[in-house]
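**Q** Going line by line, the protein sequences match chains S and W. Take the first sequence: its position 54, counted from the start at 1, is 54 in the working numbering, and no numbers get skipped. Take the second sequence: its position 29, counted from the start at 1, is 1029 in the working numbering, and no numbers get skipped.
Don't take every hint at face value.
Simulated restraints on C-beta separations [as the list claims (entries may be wrong)]: (1) W:I1105 to S:W78: 32 to 42 Å; (2) S:R50 to W:I1105: 47 to 57 Å; (3) W:A1188 to S:S28: 50 to 60 Å; (4) S:S52 to W:R1015: 20 to 30 Å; (5) W:T1026 to S:F74: 25 to 35 Å; (6) S:W78 to W:T1083: 37 to 47 Å.
Derived coverage of chain W by chain S (criterion: at least 3 residues anywhere in the stretch with Cβ under 8 Å from a Cβ of chain S; other residues may be distant) [claimed, not checked]: (7) 1027–1036; (8) 1185–1199.
Simulated from the structure, these hints should not be mistaken for laboratory data. All residues carry an ideal CB built from backbone N, CA and C; glycine is no exception.
Here is how the chains run, residue by residue.
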Amino acid sequence: MLALLREGERYSFDLVRALGDVDGLVTSEGTLYPLLGRLRREGLVESMWRESSAGPPRRYYTITSDGDATLRTFAAQWSRFRDSVDSLLEQGATA
Amino acid sequence: MSTTAMHPLAADYLRRLREAGRGLPTGRLDDLCAEIESHLAEAIPPGTSDADALSVIERLGPPEEIVEAEQPAPADPGRDPRTWREWAAVVLLPLGGFVFGIGWIAGVVLLWSSRAWTTRQKVLGTLIVPGGVAAFFPVLVLSAVAAKSRCVTVARRNGSAFGVGSRHCVLVGGPSSLHVLLAIVLIACVVIGPILVAVHLARSAGRAPAV
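Chain S with its partners taken away, still in its complex shape:
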């Protein structure tokens, strides 16, 4: 969610659909809204309702500096974790 917001603001439906379309990541799109709420309460994202010319009002989200820092930390940890698993799998394959 934070990674999707790194490039700029997006509205919630657009965010949820983008994650929902990633294969195997989300089982039900509805549960992403509580996640957005949690990120909001933790101050990692900010939101604002805006009228839309195309239809119903939309809630736009932007990442905060805290959110950006959290994303960087996670990206570094994920990269280490992925490398460790990759190296274990490679060892298993060559054994």
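Dock chain W against the given chain S, drawing on the hints supplied.
**A** Then chain W, alone, in the frame of chain S:
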């Protein structure tokens, strides 16, 4: 936003979400419903077929699942989940009977209003023993009344040490060893029962998730 212009399936989904989320704090539920309503309005514009609307709703998942994800995060496991209410209930149930009898009733009210205990534990706490340890005194009084006494009035002086017209009583049918044993068991139950139950309730409340 109004649900009047919504697709009937979307309006029904929103109603089910509100229903499922009744236990959530009002602000959180309103916020969640506003987001989902916006999602439904975006994904199901006027004129959408029932089949397409159903597919959007299926992608959202059951309302109960969304509410479950919205539940407040579990409390810090290091924090004692027992509040003053749980402690007051645990103290008042065995000992509250000494406070004009109403202390025990207050304990029962606190016991049933807490979410730290299961219904089975609440029934146990209420029934063992109504009135708590204070119930020991009525048992004692009943035992005393059960011991029969016989009184006689001295009608005439007949070498008796008592004066004519004097009345003296003797205890008859004194407690047999069986009676004594029964009384001890009864008193032990009335005193130890509520204390054991209170200890059990205090320990299980400590393991319950914080409320």
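**Q** Give a verdict on every hint.
**A** Comparing the hints with the structure gives:
Take I1105 (chain W) and W78 (chain S): their Cβ atoms lie about 57 Å apart, and the range 32 to 42 Å is violated. Checked against the hint of 47 to 57 Å, the C-beta distance between R50 (chain S) and I1105 (chain W) comes to roughly 56 Å, which is consistent with it. A hinted range of 50 to 60 Å for the beta carbons of A1188 (chain W) and S28 (chain S) is consistent with their spacing of about 56 Å. For S52 (chain S) and R1015 (chain W), the hinted distance range of 20 to 30 Å is satisfied, since their beta carbons lie about 24 Å from each other.
The hint said 25 to 35 Å for the Cβ distance between T1026 (chain W) and F74 (chain S), and at roughly 32 Å that hint holds. Hint check: W78 (chain S) to T1083 (chain W), Cβ distance near 39 Å, so the stated range 37 to 47 Å holds. Counting residues of the stretch 1027–1036 of chain W whose beta-carbon sits less than 8 Å from any beta-carbon of chain S gives 6, enough to reach three: the coverage restraint holds. For the stretch 1185–1199 of chain W, the stated coverage by chain S is not satisfied: 0 residues place a CB nearer than 8 Å to a CB of that chain, which falls below the threshold of 3.
Violated hints, in rising order: 1, 8; the structure is consistent with all others.
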